Amino acid sequence: MTVGLNAFLIVAGLLFAIGLLGVLIRKNTLVIYMSLELMLNAVNVALVAFSRYNGTMDGNLFVFFIITVAAAEVAVGLAIIVALFRKRQSVMVDNLNALSR
Amino acid sequence: MTATQSLLIVLLAPLFSAVVIALFLRRAGKIASVISVATAGLIFAAAVAAVQAAGGAIVHDSWSWLTFGGFEVSMGFFLDDVSATMMLMVTFVGFLIHLFSLGYMADDSSPARYFGGLSIFMFSMLGIVLADNLIMIFVFWELVGFSSYMLIGHYMTKPAAAAAQKKAFIVNRIGDLGFVVGIAYAYWHFGTTDLEVMGQLVGANPALINASIAALLMCGFIGKSAQFPLHVWLPDAMAGPTPVSALIHAATMVAAGGYFLIRIEYLFPPEVLSIILWLGVFGAVYAGFCAYARRDIKQILAYSTLSQLGYIGAAFGLGYPGIALFHLITHAFFKALLFLGAGSVIHGCHHEQDIFKMGGLWKKMPITALTFLIGILALCGVYGFSGYYSKDAILIAGGLHNSPVAILLTFGALLTAGYMGRLFWVVFFGKANSEAASHAKESPVVMAVPLIILAVLSVAGGWLGYWPDALGETIKADKYELKNIAGYDAMHHKVVLLGTAAWVIGLLGSFFFYGRGAREDRLEKTAGPIYRFLQNRLWFDEVYNFYVTRIQQGFANVLQLVDVILIKGVLVRGSAGIVGLVGMCSRSLHVGNIHGYVYWFLAGLILLWVTAIGILG
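Protein chains in written order, with our numbering: chain U, 1 to 101; chain F, 1 to 617.
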């Protein structure tokens, strides 16, 4: 039995929705960050599935780029969060509202 | 030296002196006064040299000053017999007054400022005299206004002096507004403001004469020469030092208005001339009355100056610019003498100016008294004195062309003799009426010498036959023209008879009332209502004051309301309010919470999607 494209897309869509909800609801910057990564990987799943069913390599190519960029982004982003914690002793979003003041 | 070089010295030396005094000698009053007086002497010598070098020929040099596209403003000299006569009078009388100031201002606290002011005044005045075009005249016209402002307010701690200097400056602005519009109109009409070129244009085509231009330029004369209705500043200007009154407000600056008219006499049509004539006649008689209700010696002389400026205006209005110039020159001599005499009296009496607090000075100050008497006789037009020749000519011209004018001006002469007699008897006769007057002493030599020289000129200044050939051609031409009119001899006899009667009656009448000296004014005591009526001077100051404080201020208040509501309220505050409102709304979007921004981002994304798939069109 072969798994159809729709199944992959549903999984990818669910993963993306879970990630988006996480970004919208969670208060911890670190968890928001993880949710962002989840959304990226949901996109990766969709791209790989498209690639497989179209028989081309375009989607796979994109996925490699996304993984590379995400790795770099994680390095920078985690560093920022660590620096933020050192400065504020907190990574909760509610405490990081200096822009409004 | 060529005439041009000498004229450059005449014009620039006083400027140089003023600059040196203003920049380096502010605290060195002695040196400043010496430099200023030496400069005044130098420019008189240079003026004589210039007139000799010119040898009666017209000198006209012009240099480009500013160029705006096709419009060029030039500076230049235009030396003809009129300006030569005026220049010699200004430099010579100016020099004597500088000399007199050395004595008068000896114990002043800031002589450098005073003498610097005199120098800048000489520069400005000579600029008017020598100018070859209307724009240059206007530039120097404003400069004399500035110097006059500065010197009237010399005693800057006195509120009256500060008020007087402002009044003089502001009242002159009113006349100058007409003047500057007239210059623009003249440039538009003639394509030039050069005096000589305009004269040639008008000479070739008399249809070019334009009454509006003449009337507008006349406004400058009315302001500067203190003609009715802008005469109110001159009596107040007496708050300045007395030599300043002699130089600026008697001999030169107030005469500059008349001189300016004489320079452009070819521009005047008969209608404008008759306006000038009647303004002059009214001023001559009106000022004569006002002088009776003044106690301040300088104010009496100021009204006398107003009256004589009226005669100058009347002479011009009758169509005899030469005779106006003649009276202007003789008036400069005897009025400068009278003011300096008054200065000597004031100096002797320790700055007492009320004539009823003087008295009995004839024996204490013989030189001053004698020269003052000569000045009065010249002013009254006693036969043989300079005033006789010029005033006589004006009265004859009036008698031949317009007898009401002659009658009114003869009456003015009677008034003149009366108030000058009152002044003379009260100041020099009777007993000393105050502590200061009883200790009066004759003034020092440096003050007496100018008095004596001016006294000589007040007598001899009218003897036209002895004037150098280069001077007074216009005067002689007008006199000659007058003599050739039928009925001249009969009119001459009549005028001599009536004129003599006027001064005899005036002086004797005042002697009858004031001859024994007086401690208080007999007119005030016996005829109070008349005295107070004269004292109020027809309420011109009050009317102007009412106009400014009520009508003009009211109008300004309305304008201010419009300004506050419309411009400030609606335009400025309104536009700022709209921008502020937009700012407030967009600031409320700026919550600072990252989730807020995510929702906005989502909303933007949805909007973009909706637009992209075409739901919004």
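These aren't lab readings, by the way, just hints derived from the structure by calculation. One thing to keep in mind: the hints can contain errors.
To be verified - Selected chain U positions facing chain F (Cβ under 10 angstroms, derived; list incomplete):
no., residue
1, Ile25
2, Val31
3, Asn41
4, Glu73
5, Val76
6, Arg88
Claimed, not checked - Derived CB-CB ranges, DEER-like:
no., chain 1, residue 1, chain 2, residue 2, range
7, F, Leu566, U, Leu30, 38 to 48 angstroms
8, F, Gly604, U, Val48, 58 to 68 angstroms
9, U, Val82, F, Gly604, 29 to 39 angstroms
10, F, Leu566, U, Phe85, 53 to 63 angstroms
11, U, Arg52, F, Gly604, 32 to 42 angstroms
12, U, Ile67, F, Gly604, 56 to 66 angstroms
13, F, Gly583, U, Arg52, 49 to 59 angstroms
14, F, Gly583, U, Phe85, 44 to 54 angstroms
15, F, Asn557, U, Leu99, 43 to 53 angstroms
16, U, Val76, F, Tyr597, 26 to 36 angstroms
17, F, Leu566, U, Val76, 52 to 62 angstroms
Only a predicted model underlies this, so the values are computations on that prediction, with no experimental measurement involved. C-beta: ideal position from N, C-alpha, C; glycine also.
Cross-check of the supplied hints:
About 8 angstroms separates the beta-carbon of Ile25/U from the nearest beta-carbon of chain F, less than 10 angstroms, and the hint is met. With 10 angstroms as the threshold, the beta carbon of Val31/U stays out of range of chain F, its nearest partner Cβ sitting at about 13 angstroms, so the hint is violated. This hint is violated: Asn41/U has a C-beta 19 angstroms from the nearest C-beta of chain F, more than the 10 angstroms allowed. Nearest Cβ of chain F to the Cβ of Glu73/U: about 17 angstroms, over the 10 angstroms cut. The hint is violated.
For Val76/U, the suggested interface contact is broken, since its CB lies about 17 angstroms from the closest CB of chain F, more than 10 angstroms. Because the beta carbon of Arg88/U sits about 14 angstroms from the nearest beta carbon in chain F, more than 10 angstroms, this interface hint is broken. Range check, Leu566/F to Leu30/U: about 60 angstroms between beta-carbon atoms, so the 38 to 48 angstroms window is missed. Separated by about 29 angstroms at the C-beta atoms, Gly604/F and Val48/U break the suggested range of 58 to 68 angstroms.
Checked against the hint of 29 to 39 angstroms, the pair Val82/U and Gly604/F passes, with Cβ atoms roughly 30 angstroms apart. Separated by about 58 angstroms at the C-beta atoms, Leu566/F and Phe85/U satisfy the suggested range of 53 to 63 angstroms. Look at Arg52/U against Gly604/F: about 33 angstroms separates their beta carbons, and that is inside 32 to 42 angstroms. The supplied range of 56 to 66 angstroms is broken by Ile67/U and Gly604/F, whose beta-carbon atoms lie about 27 angstroms from each other.
In this structure the hint that Gly583/F and Arg52/U lie 49 to 59 angstroms apart at CB holds, the actual value being about 53 angstroms. Separation of Gly583/F from Phe85/U is about 34 angstroms and departs from the stated range, judged on CB atoms against 44 to 54 angstroms. Under the hint 43 to 53 angstroms, the C-beta atoms of Asn557/F and Leu99/U, about 50 angstroms apart, fit the expected range. The hint said 26 to 36 angstroms for the Cβ distance between Val76/U and Tyr597/F, and at roughly 19 angstroms that hint is violated.
Here the CB-CB span from Leu566/F to Val76/U is close to 57 angstroms, well matched to the stated 52 to 62 angstroms.
This entry does not satisfy hints 2, 3, 4, 5, 6, 7, 8, 12, 14, 16, going by the numbered hints stated previously.
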